[in-house]
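S.K.: Here is how the chains run, residue by residue.
There are 2 protein chains.
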Amino acid sequence: MVAHKQRGVSYTDVMFETRLATAEDAELIATQRRAMFVEMGESDDARMAAMVVNFIPWVRERLKSGTYVGWLREEDGRVVAGGGMLLMDFPPHFLDSAAVRAYLLNFYVDPAFRGRGYARELLETAVGDARRRGIKVVSLHASKFGRPLYESSGFEATSEMRLWNDGVQPD
Amino acid sequence: MVAHKQRGVSYTDVMFETRLATAEDAELIATQRRAMFVEMGESDDARMAAMVVNFIPWVRERLKSGTYVGWLREEDGRVVAGGGMLLMDFPPHFLDSAAVRAYLLNFYVDPAFRGRGYARELLETAVGDARRRGIKVVSLHASKFGRPLYESSGFEATSEMRLWNDGVQPD
Chain X
460 MVAHKQRGVS
470 YTDVMFETRL
480 ATAEDAELIA
490 TQRRAMFVEM
500 GESDDARMAA
510 MVVNFIPWVR
520 ERLKSGTYVG
530 WLREEDGRVV
540 AGGGMLLMDF
550 PPHFLDSAAV
560 RAYLLNFYVD
570 PAFRGRGYAR
580 ELLETAVGDA
590 RRRGIKVVSL
600 HASKFGRPLY
610 ESSGFEATSE
620 MRLWNDGVQP
630 D
Chain V
460 MVAHKQRGVS
470 YTDVMFETRL
480 ATAEDAELIA
490 TQRRAMFVEM
500 GESDDARMAA
510 MVVNFIPWVR
520 ERLKSGTYVG
530 WLREEDGRVV
540 AGGGMLLMDF
550 PPHFLDSAAV
560 RAYLLNFYVD
570 PAFRGRGYAR
580 ELLETAVGDA
590 RRRGIKVVSL
600 HASKFGRPLY
610 ESSGFEATSE
620 MRLWNDGVQP
630 D
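Chain order of the listed sequences is X and V. Positions 460 to 630 (our numbering) are the ones given, in order, by the first sequence. Positions 460 to 630 (our numbering) are the ones given, in order, by the second sequence.
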């Protein structure tokens with residue numbers, strides 16, 4: 460094992476790198492987003508396909524403008540995990556005078572690469588980036604799979620409530 | 460009692476009207492926001508004053524651009540209740556292809572005017588407005604006082620979790 464470096468760490472014969480996503484990664488992030496929802500139990504291919512079509516230009520535009528920040532972990536040239544952060548406009552609060560909050564989304568690890576701590580590394584990268592930007596509040600919607608990680612990282616449940624105007628309530 | 464009209468309904472000697480807020484109402488909305496937090500138990504005057512200072516220009520700009528929509532209920536020329544809706548950028552989802560969600564905030568009724576259904580009227584106004592805009596998802600953070608109203612209006616708790624980067628956790 461050689462010493463760890465910021466990027467391109469090498470041990471045995473594996474090269475890995477966590478890099479910032481660019482606008483060219485829009486399709487890849489959409490693929491991770493779909494895989495995440497499929498694992499959460501969503502099985503409607505048509506709805507998934509429509510989401511991908513809508514999501515790609517949305518995320519591409521925000522990767523360009525900087526309001527979506529994405530991290531991708533590559534191993535041997537293949538992306539095996541990723542996570543994203545949306546910088547959201549939010550009203551100044553008495554505990555947080557800033558008008559920006561960070562919303563984490565699209566955290567996904569390829570099934571063959573789980574159990575190695577990649578999700579936690581990506582989460583720490585995102586929270587650290589938000590902190591360096593001076594953002595106090597980081598939020599997300601947790602799947603049952605992700606909740607233990609978020610709880611052990613200091614995240615707490617909120618009082619958020621939601622109404623689906625068309626009467627369709629997700630899980 | 461005379462028949463109800465859209466606006467300016469008169470019964471006995473009370474005139475009331477629910478009107479859209481304008482940029483000129485920024486200070487008034489900030490006052491309602493502060494009163495809402497004070498009733499929720501926040502007693503730090505300095506923090507409240509700082510929030511008001513930060514919130515006024517934030518909401519004024521969004522009232523002008525249309526990303527913040529506010530409703531104010533006036534009785535006899537005095538504003539006695541209000542509520543707001545922020546149009547938020549949100550990633551296209553498989554249940555909602557639109558990239559806009561509605562976030563409700565600053566719902567407040569003057570203590571002397573409670574128990575008359577004003578909060579529910581304002582909520583229905585906001586949800587109806589969101590529906591007409593084609594917005595499927597309406598969210599909010601509920602205080603313990605507001606939760607029964609939101610539950611009876613079809614709102615359900617979400618899986619949102621939050622981290623305060625500086626370690627300060629609100630209630």
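Any given hint could be a false lead.
Stated by the list, open to error - Label pairs and their calculated CB-CB ranges:
{"no.": "1", "chain 1": "X", "residue 1": "Arg-506", "chain 2": "V", "residue 2": "Thr-526", "range": "23 to 33 Å"}
{"no.": "2", "chain 1": "V", "residue 1": "Asp-503", "chain 2": "X", "residue 2": "Glu-483", "range": "45 to 55 Å"}
{"no.": "3", "chain 1": "V", "residue 1": "Thr-526", "chain 2": "X", "residue 2": "Asp-588", "range": "22 to 32 Å"}
To be verified - Pulled a few chain X residues facing chain V out of the computed Cβ check, cut under 10 Å:
{"no.": "4", "residue": "Met-474"}
{"no.": "5", "residue": "Arg-478"}
{"no.": "6", "residue": "Arg-575"}
{"no.": "7", "residue": "Thr-584"}
{"no.": "8", "residue": "Arg-606"}
{"no.": "9", "residue": "Asn-624"}
Calculated from the structure, these hints are not laboratory results. These figures come from a predicted structure and were not determined experimentally. C-beta atoms are modelled at their ideal positions from N, C-alpha and C, and glycine is treated no differently.
S.K.: Run every hint past the structure and note whether it holds.
M.R.: Hint check results:
Restraint check, Arg-506/X to Thr-526/V: a C-beta distance of roughly 28 Å satisfies the suggested window 23 to 33 Å. The hinted range of 45 to 55 Å is satisfied by Asp-503/V and Glu-483/X, whose Cβ atoms lie roughly 47 Å apart. For Thr-526/V and Asp-588/X, the hinted distance range of 22 to 32 Å is satisfied, since their beta carbons lie about 25 Å from each other. Given hint, Met-474/X at the interface with chain V, is violated; its Cβ is 31 Å from that chain's nearest Cβ, farther than 10 Å.
Below 10 Å, beta-carbon pairs count as interface contacts, and Arg-478/X has none with chain V, the closest being about 21 Å; its hint is therefore violated. For Arg-575/X, the interface hint is violated, the least distance from its beta-carbon to any beta-carbon of chain V being 23 Å, above 10 Å. Evaluation of the Thr-584/X hint against chain V yields a violated restraint, the C-beta minimum of about 14 Å exceeding 10 Å. Given the 10 Å rule on beta carbons, the hint for Arg-606/X holds: about 7 Å separates it from the nearest Cβ of chain V.
Interface restraint check for Asn-624/X: the shortest CB-CB distance to chain V comes to about 5 Å, inside 10 Å, so the restraint holds.
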